[in-house]
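Peer 1: Join these two chains into a complex; the hints should help.
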Amino acid sequence: MAQFRIPGPLRRLADGHVTVDVEATDLVGAIVALDAQYPGFKDRLLDENGDLRQFVNIYLNDEDIRLGSGLGAKVGEKDEISIVPAVAGG
Amino acid sequence: MPKVIGLRCRECGAEYELQATHVCEMCFGPLDAVYDQAALKKVVSRQRIEQGPTSMWRYRDLLPIEDSVAVVTLGEGLTPLVKADRLGAELGLRNLYLKNDSMNPTNSFKDRVVSVAISWARAHGFETIACASTGNLANAVAAYAARAGLECFVFIPVDLEPAKVASISVFDPNLVTVRGNYDDVNRLCSQLIESTPWAFCNINIRPFYAEGSKTLTFETAEQLGWKLPDEIIIPIASGCQFVRHRQAARELIEYGLVRGDRVPAFTGAQALGCAPVYNAFHSDTPDRVLPVKPDTIARSIAIGNPSDGVYVNRIARETGGVVEAVTEEEIVDAMRLLARTEGIFTETAGGVTIGVLSKLARAGRWQGDEVVVAYVTGHGLKTADVLTSANGHARRVEIEPTMKSFREKVSL
Numbered sequence: 001m002a003q004f005r006i007p008g009p010l011r012r013l014a015d016g017h018v019t020v021d022v023e024a025t026d027l028v029g030a031i032v033a034l035d036a037q038y039p040g041f042k043d044r045l046l047d048e049n050g051d052l053r054q055f056v057n058i059y060l061n062d063e064d065i066r067l068g069s070g071l072g073a074k075v076g077e078k079d080e081i082s083i084v085p086a087v088a089g090g
Numbered sequence: 091m092p093k094v095i096g097l098r099c100r101e102c103g104a105e106y107e108l109q110a111t112h113v114c115e116m117c118f119g120p121l122d123a124v125y126d127q128a129a130l131k132k133v134v135s136r137q138r139i140e141q142g143p144t145s146m147w148r149y150r151d152l153l154p155i156e157d158s159v160a161v162v163t164l165g166e167g168l169t170p171l172v173k174a175d176r177l178g179a180e181l182g183l184r185n186l187y188l189k190n191d192s193m194n195p196t197n198s199f200k201d202r203v204v205s206v207a208i209s210w211a212r213a214h215g216f217e218t219i220a221c222a223s224t225g226n227l228a229n230a231v232a233a234y235a236a237r238a239g240l241e242c243f244v245f246i247p248v249d250l251e252p253a254k255v256a257s258i259s260v261f262d263p264n265l266v267t268v269r270g271n272y273d274d275v276n277r278l279c280s281q282l283i284e285s286t287p288w289a290f291c292n293i294n295i296r297p298f299y300a301e302g303s304k305t306l307t308f309e310t311a312e313q314l315g316w317k318l319p320d321e322i323i324i325p326i327a328s329g330c331q332f333v334r335h336r337q338a339a340r341e342l343i344e345y346g347l348v349r350g351d352r353v354p355a356f357t358g359a360q361a362l363g364c365a366p367v368y369n370a371f372h373s374d375t376p377d378r379v380l381p382v383k384p385d386t387i388a389r390s391i392a393i394g395n396p397s398d399g400v401y402v403n404r405i406a407r408e409t410g411g412v413v414e415a416v417t418e419e420e421i422v423d424a425m426r427l428l429a430r431t432e433g434i435f436t437e438t439a440g441g442v443t444i445g446v447l448s449k450l451a452r453a454g455r456w457q458g459d460e461v462v463v464a465y466v467t468g469h470g471l472k473t474a475d476v477l478t479s480a481n482g483h484a485r486r487v488e489i490e491p492t493m494k495s496f497r498e499k500v501s502l
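The listed protein sequences derive, respectively, from chains X and P. In terms of my numbering, the first sequence is residues 1 to 90. In terms of my numbering, the second sequence is residues 91 to 502.
Next up, chain P with everything else stripped away, as it sits in the complex (with noise of 0.2 Å):
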């Protein structure tokens, strides 16, 4: 019996046969995958997982990809969740840890929805697979395409950073540039797949790929010893894996993988320069998310029209998290915090997810003893141009290869 038994409108509840396809008919609202959880719930356990490989795939009995299947996989997931002592010590907080998801193949958070997504597509018989990105995600399906000897698209903004542009094209994909920002290129490919026979990671099968974030919360929970933590940070670019988070800590919850049924605080982080849905929380109708026209150096989350903005603000209400956002000046000095206290490089993104760590605690949110955990999403080498401007590193001396020049110019 298969465990994924259809797609399921998130708004009107209406059922449809499992397909690659993103959209309700009846009520264009998103579409969810739906799991025969009567049949998992007598599989799922603690042991089954813990013997399973040392990948995200320990988790496979809860994502979209039958048993009989083979996974396209690079060793994703299952990164370093860290006890961040030194950072926390800062902070005021005696059980921060960060999950260093910057640890993955493709040194982003992406490589779990793409991996689930590019199973999926290989299983169902798709021969080419395509995304709309701001960088990370392009550079996980370039990967895995390549790994799964996949025909491969990925349609980015013209003017991404040069690392990620070079870290797309070594995998030597059909690589589209578009004259204009994230959210033009996604209007583009919404109106591409009605052309193409192509599974587009985001768009058509977005159902499956997303389910790959919930990934992230359960590992979380399984290296806390099977605890939830009482908050998570996590960065809000559609608000996509944000809403999976929230499943995740249900299923942990529903299948007794937890012990106690409390869900974590969600807490969204936005730049200040691209924060429609920051916007939208702290406003009189959060369920209205306006766009916005980005303007942020966390390029890897700079949606001016996330499609999951109004389900972040409702599960940050419900959870008793918040949505904050951070200035670009406070995402650079996060991004040295982190790298200072905790030797984590993380991308301009991860800065925006520290930045608004550091915000919140500074004003006071925690008491000192709530275990709070950050997502760090992507490596510090993919926007380690916001460094090498501006303000350099005011330790860094210059000198002649004596020990003449070294007394002179270094103080020890």
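Okay, chain X solo, but in the shape it has when bound (with noise of 0.2 Å):
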């Protein structure tokens, strides 16, 4: 199983709890699992056209997904999933 990291102000939305499993072979799978167990979270995450929301940064295990295979990027076992706010800077 793949573990989301839930971050603070988002774990309403995951009643609460700070890490979530998935059954998943890659991220968009992953993310679909995540929504399947607390639905909402693939709106939120996901624009219309299946991109991930500007606003909103995935961590696959240390990488910014965007900067690796995008969703598409394959989850393994123990990967770790992190769903990170965009921040400002500087």
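Hints listed in this document are in silico derivations from the structure and should not be mistaken for laboratory results. Since the model is a prediction, treat every value here as computed from it, not as a measurement. Virtual Cβ for every residue (Gly too), placed ideally from N, Cα, C.
Each pair of labels, with its calculated beta carbon distance range:
| hint | chain 1 | residue 1 | chain 2 | residue 2 | range |
| --- | --- | --- | --- | --- | --- |
| 1 | X | Asp26 | P | Asp175 | 55 to 61 Å |
| 2 | X | Val18 | P | Glu344 | 40 to 46 Å |
| 3 | X | Asp26 | P | Gly410 | 38 to 44 Å |
| 4 | P | Arg340 | X | Asp62 | 38 to 44 Å |
| 5 | P | Gly103 | X | Gly72 | 30 to 36 Å |
| 6 | X | Lys42 | P | Glu241 | 37 to 43 Å |
| 7 | P | Thr218 | X | Asp62 | 22 to 28 Å |
Peer 2: In structure tokens form, the structure reads like this:
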């Protein structure tokens, strides 16, 4: 099982859970599985074209998925998927 | 009655009570502070501002700090707006102005946002102030935390410029150097907010922090005789301040502080070595800003994953502005050009802004009479190392302490 890490402000949607385990082979599948457990995540993470929304970042282990294989990235058994809302800089 | 009545999501409009949070639970969009505009309309006036303190706190009515709160201040803001005739002559601009924000207490624009952020945090019971930073923010946070007597944690990439590290360390904060780039530092801090009772200036109290940016544009308008310029050139890192400058122009118009309702063109400046917003602006999909791995001497604006990049592109397009970028060589050339023509020594980020200004001027963007303002946001001593390496100063000579040696080596 891969594991989502849910950030504080979004935890209400996941009934307060810090982590959620999902069965999936790629990232899109993982988001669909997360949404099946806690409906609402998919629409919040992905836009109408199925792309990751601009103000949300997803890290697969330590890599920003936009810098890697994107939503098609393969997800393995022990992988950690972090949802990190965008923040200001500098 | 409080003037700040809550937070509102910039994307879906969901409203929240006033609290230290930055993300909409409904759509994950960014939250902004909401003011009681009807009440403010009855209060805000040019006269009231002009009679206020000689700092950015003269615009206090338009900042998210209630009147009863003692602010944490080092006299930030009200920096010089310089008419740049010599630089203007080189660029064919007869009404060029420079807003020299390197004259702030810790020599960067960040003092504005941090003064607001720490004032808000202290008033709301926070005992520790923190930030993720490319240097300038950490410098300001460390100084203002010292001033306020609050505990301070600053997180920076491990390889920041030595001058920046020194000017942070002197204030004795808890300095955490992270083996990674700014985006890595930010990600770590985004996770840390869950397990610490800290106010992270650029994360959980960002809606208040960001508001301080507006004062730069308020001052520009006041210093131009309560007029907005035709175009403003702004460096882009996360894009946070760019968005607030658009809001500042809106407020100046709505509250009747400036004549007319014409909005300036807002133009963004990036270094090509870290140009995710520029890349998107010039692509077919400006609403998709793809992150990059930063590689530029303009460290203070080297944010590869800019949170407000999409909004920057929308605002630039809506107002008739552009997003332009310059090479590393053009950055250093622009730092020298600004120093040589106007006597202002800016850091690499200022080199980006002046570089973009020069590039656009030379490409014929302006007729010559437009009022153009460039925001110079940080001091050159912060990044002096880029000038001491490589191409040194061509007019430098070393002589013996004799008249003979002087006459031999120096051509008059």
